[in-house]
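Participant: Next come the chains, spelled out residue by residue.
2 protein chains.
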Amino acid sequence: MTNNTNTMEREQGVLIVLSGPSGVGKGTVCAALRKMNLDLVYSVSATTRAPREGEVDGINYFFKKREQFEHMIANDELLEYAEYDGNYYGTPRRFVEDTLKDGKNIILEIEVQGALKVKQKFPEGVFIFLLPPSLDELHNRITTRGTNSVESIRNRMSVAADEIRLIEHYDYAVVNDEVEKACDKIKSIVVAERCKQERIYTKLMQWIGEVT
Amino acid sequence: MTNNTNTMEREQGVLIVLSGPSGVGKGTVCAALRKMNLDLVYSVSATTRAPREGEVDGINYFFKKREQFEHMIANDELLEYAEYDGNYYGTPRRFVEDTLKDGKNIILEIEVQGALKVKQKFPEGVFIFLLPPSLDELHNRITTRGTNSVESIRNRMSVAADEIRLIEHYDYAVVNDEVEKACDKIKSIVVAERCKQERIYTKLMQWIGEVT
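These protein sequence lines map, in sequence, to chains G and V.
So in my numbering, spot 196 of the first sequence is number 196, and the numbers just go up one at a time.
So in my numbering, spot 44 of the second sequence is number 44, and the numbers just go up one at a time.
It is worth saying that the hints were derived from the structure and are not from the lab.
Heads up, some of the hints might be wrong.
Copies of the same chain look alike in the list, so a pair counts if it works inside one copy or between any two.
[To be verified] Pairs of lysine-lysine residues, derived as BS3-like cross-links and limited to a Cα-Cα distance of at most 25 Å, are as follows:
1. K65 with K187
2. K121 with K26
3. K104 with K65
4. K26 with K203
5. K119 with K187
6. K101 with K181
7. K117 with K101
8. K203 with K181
9. K117 with K35
10. K104 with K181
11. K65 with K203
12. K117 with K104
13. K104 with K187
14. K196 with K65
15. K119 with K104
16. K119 with K196
17. K64 with K203
18. K196 with K64
19. K121 with K35
20. K35 with K181
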């Protein structure tokens, strides 16, 4: 019999992938989560774009030369990557894995397509889809961003609808009606996921086997 | 397009089944949950035992005559039942189903075997297994309850170990190290379960279909 009251603690952290259609407020929710000082590490992306003033390597981004980044791609060192405006952006696998092994939970905020790529390489992640409270609301958010031509708005609404259809690949749906409420739900999801029976089963059976 | 900001609200509640080995503190945790005034209804058992002073029909129990109870058994009106000391005790299916249809979450505190019977009839329930922080702790709790002969304690520890092995049929494992912490975890599980993608998917696809 053991006196170690930590026997039941799970060791591995949880990878939380927060995604959702453009305009739904992923960035705002993620910024609010950071202020809550939860037991969450924020994934740091790698990029080939030049650092802006005040940006720190390893904090804001891992800044890489183009050949370094392509080497990471070739070595399967990225959970996902994409190119925008001539620069690469991607999620280094090692930073995620080291954080999880350390028993910490890590959150990755990413657009819908990127999240699905992460799922292919990391199916044990927990995939949360952020939804607008209504399509009207999404329409409003899209309209107040960038150009307002009827065609461009219609096009962006159609893209958003296509993105929402991808929710079937996600584990959870969180409605972003109020940022604070959405954050509380995400916090609950992290706590619940760490209580999943599968995460403790093998260790628990060893423990029972040792003492009976 | 709709203006109804409630469009994304899920309708059906969640059945939470809280179980665990004898002596783990299910009753204490359930009593503490009640004090937290969560959005949770507590399942009311049916019984053939006579009401004790102060007990109210429909609040403490649904008090039934033996033939009424056996009629409920025959009509499959109970999610589970058992006989103790010559009296029947069981969980009326209708009370659970009506509560869920009303959009409310309901919690059922029950011993391990009863929980497995509920799972057979209600696999969509959320099954939480309460664990002791260590087997030492469980040993202490068992020792301070009832008789203390070495054989009886050994026997009850062996029963507890057998019960713990049944955790494989459960969704979540919550360690009852501190009652308040355990309650917070259960609360998080309820919130997370209501955010499950499957609970909203069909409705969401209809909603997307209507507006695009």
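Participant: Does the structure break any of the earlier hints, and which numbers would those be?
Facilitator: Result: hints 1, 3, 9, 11, 14, 17, 18, 19 break, sorted rising.
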